[in-house]
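Based on the provided sequences and hints, a complete structural model is requested.
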Amino acid sequence: MASVEIKNVRKSYGSVDTIHGVSVGVSDGDFVVLVGPSGCGKSTLLRMIAGLEEITGGEILIGDRVINDVEPKHRDIAMVFQNYALYPHMTIAQNMGFSLRLARKSKDEIDQRVKDAARILGLTDYLERFPKQLSGGQRQRVAMGRAIVRNPQVFLFDEPLSNLDAKLRVQMRTELKDLHARLKTTTIYVTHDQIEAMTMADKIVVMRDGVVEQFGEPLELYDRPANRFVAGFIGSPSMNFLDGTVVVRDGKQMFESANHTVLPLPEGLDRAFEGKKLIMGFRPEHLQVSEAPEVFEVTVSVVEPTGAETYFVGNANGDTITGVLRDRIAIASGQSLRLLPRLNAIHLFDAETEQRVN
Amino acid sequence: MSIPSNSAPQSGSSKWNRKRKLTDWAIDGFLILFGVMMVLPLLMLVANAFKTPQELVSWPPTFIPNNPTLDNLTAVLNDTPLLLWMFNSFAFATLSTIAILATSAIAGYVLGKFKYRSLNIIFLIILATAIVPFEVYMIPLYFQVQSLGMLNSLWGLLIGYLVMSFGIFLIRQNVIHSVPDELLEAARIDGAGELWIFFFIVVPLLRSALGALAVLAFFQAWTAFAWPLIVATTRESYTIEVGLALFQTGFTVDLGKLSAASAIVLIPSVTLFVLLRKNFVEGVAGTGLKE
Chain A
1 MASVEIKNVR KSYGSVDTIH GVSVGVSDGD FVVLVGPSGC GKSTLLRMIA
51 GLEEITGGEI LIGDRVINDV EPKHRDIAMV FQNYALYPHM TIAQNMGFSL
101 RLARKSKDEI DQRVKDAARI LGLTDYLERF PKQLSGGQRQ RVAMGRAIVR
151 NPQVFLFDEP LSNLDAKLRV QMRTELKDLH ARLKTTTIYV THDQIEAMTM
201 ADKIVVMRDG VVEQFGEPLE LYDRPANRFV AGFIGSPSMN FLDGTVVVRD
251 GKQMFESANH TVLPLPEGLD RAFEGKKLIM GFRPEHLQVS EAPEVFEVTV
301 SVVEPTGAET YFVGNANGDT ITGVLRDRIA IASGQSLRLL PRLNAIHLFD
351 AETEQRVN
Chain B
1 MSIPSNSAPQ SGSSKWNRKR KLTDWAIDGF LILFGVMMVL PLLMLVANAF
51 KTPQELVSWP PTFIPNNPTL DNLTAVLNDT PLLLWMFNSF AFATLSTIAI
101 LATSAIAGYV LGKFKYRSLN IIFLIILATA IVPFEVYMIP LYFQVQSLGM
151 LNSLWGLLIG YLVMSFGIFL IRQNVIHSVP DELLEAARID GAGELWIFFF
201 IVVPLLRSAL GALAVLAFFQ AWTAFAWPLI VATTRESYTI EVGLALFQTG
251 FTVDLGKLSA ASAIVLIPSV TLFVLLRKNF VEGVAGTGLK E
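Protein chains in written order, with UniProt numbering: chain A, 1 to 358; chain B, 1 to 291.
Be a bit skeptical, because a hint or two may be false.
Ranges between beta-carbon positions, derived for each pair [to be verified]:
no., chain 1, residue 1, chain 2, residue 2, range
1, A, 209, B, 122, 30 to 38 Å
2, A, 133, B, 245, 47 to 55 Å
3, A, 237, B, 122, 20 to 28 Å
4, B, 21, A, 306, 40 to 48 Å
5, A, 237, B, 21, 53 to 61 Å
6, B, 25, A, 306, 38 to 46 Å
Here are the simulated DSS-like cross-link-like pairs (lysine-lysine), alpha carbons at most 27 Å apart as the crow flies [to be verified]:
no., chain 1, residue 1, chain 2, residue 2
7, A, 115, A, 73
8, B, 115, A, 73
9, A, 73, B, 113
To be clear, the hints were calculated from the coordinates, so they are not data collected in a lab.
Here the structure is a predicted model, which is why all the values come from computation and not from measurement.
Positions of the beta carbon are idealized from the N, C-alpha and C atoms, including for glycine.
Pasting the structure below:
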């Protein structure tokens, strides 16, 4: 096991820069998730750590060794690919023992380590089969088994669950997390699915357009997103955003949106914000039905009951508002709701820089 | 009221059934007819090998010989070094197949998987050579073989048949299609060297394509005529195609002997095709579709 240090790493293809100076420190034993929309550079960054892409600038260290010019096979890493990358003409045992065979380990040792990994992953009965005889989830486990047998310093995962169906994905998510808890190997995991990131990570790196937007623990990203992009990316359904200004009504600071919806603000806000253009954000799950005087009214257009919660989409003076209510209240399209966002869960961003201000 | 309304759909569906059956029969009949037309010359060839000279030219021709005779076969085997020619052809075709498989697999893999701009140009040049007919550069090649002192030898024959541009193209397409990048990357991370990857990952995955190419390459050399005709000029160095042509002189055709020799020559070709048939069909069909 080892730490991974990414120092001001850049990547260009010809004159096109895809990664602009990324710095991330991964501590020994951590499970770090790189997340972002497609094309944000997360897979490229992972492939640079693996040695499958050249590093244009900056340094990557595994442990205290700079690995910029080290061949992939000498980096002491194992990678799990999205499409599993199992060798179709080899049995499961041969697939899992492949790297050990290349490292010229004895046959007994290979057998032993393959069997150990197979036991951990519940693959013991399948060792003599071929990849095409297994289901998607089993293939995924074989791919992980191939990584485990090597006992590497770092595990790299490139969207390993995105080829699985929804139910299996949730199950494998738990298995992976459990595996990491047992092996405690430093893990870097790429996904575009923020729920995967939130549930599995010790720390999350949110990327966009080759830049790190925020690096922190999952709940830190949820509670205090550093900018509007992270605020919108983390959480499902997405955060509501309203453009507007801070105004003073009856001696109290309020937020008035461009469409003149007026919402309350937490007390003690810096007076410098008054009159300034801001973006207010609040999460759908932080809306509550209220009879307080500061409520704002939303005309509901779509209701989606999921059983546990009720999702709705509505309209307040032309601002689209999404909400999630824990209570099973009877609402129908066309009705209006009096709502109030939780005051301690209101996020304010600068309208120009989109950076967090409160 | 109910009777006609019930019977109408019934008669409709039975009509449709009958029509479908008729179509099936028509398709079967058509295919059988063409099948017979394809096989008949070969069967006649084998039959002719056992006919007497009189029967060969008699009209109407017989399909099963009236007086089957082995004279043609024994005459061919005694008068000409037919078995030597077959051996020449066999050695030529086998070595040519091995060379073409090796060059196509390596070049196809490199052209299919490695991203260098110069490789695109090389691939274009290879494709361009496929357009030029062999006969165009046969004569310059002949002089090269002559200056190397390899006329009338197996090596001289081989020089024109070491590389097959279609083979490189076929393997390249197969590599792009059935060898995913991740597989090679996974192997690189697992610690495999490039040669190791080629022999133990790429080649096994290309098995059916290489099988198909082997059949094509073997028959290309086995049926080659123009090149062996000018390179192999002594009776001992003839290939079977050139040898067979000898039965046909400027004035006469010895039909009996020609048929007998041709029938013998068919044996290895048919055997090889039967052995590799599965590979061949899979390889050619598999270039388009795969799971």
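Evaluated hints:
1. The given range of 30 to 38 Å is respected by residue 209/A and residue 122/B, whose C-beta atoms sit roughly 36 Å from each other.
2. Under the hint 47 to 55 Å, the C-beta atoms of residue 133/A and residue 245/B, about 53 Å apart, fit the expected range.
3. Judged by the Cβ atoms, the range 20 to 28 Å given for residue 237/A and residue 122/B is violated: they are separated by roughly 53 Å.
4. A hinted range of 40 to 48 Å for the beta carbons of residue 21/B and residue 306/A is inconsistent with their spacing of about 55 Å.
5. A C-beta distance of roughly 59 Å is found between residue 237/A and residue 21/B, which places it inside the suggested range of 53 to 61 Å.
6. Take residue 25/B and residue 306/A: their Cβ atoms lie about 59 Å apart, and the range 38 to 46 Å is violated.
7. The hinted pair formed by residue 115/A and residue 73/A meets the criterion: a straight-line CA distance of about 23 Å does not exceed 27 Å.
8. Between residue 115/B and residue 73/A, the direct Cα distance comes to roughly 21 Å. Compliance with the 27 Å bound is thereby established for this hinted pair.
9. In summary, the hint linking residue 73/A to residue 113/B is supported, as the alpha carbons are separated by about 19 Å, within the 27 Å threshold.
Figure legend: structure checked against the earlier numbered hints; hints not met, in rising order: 3, 4, 6.
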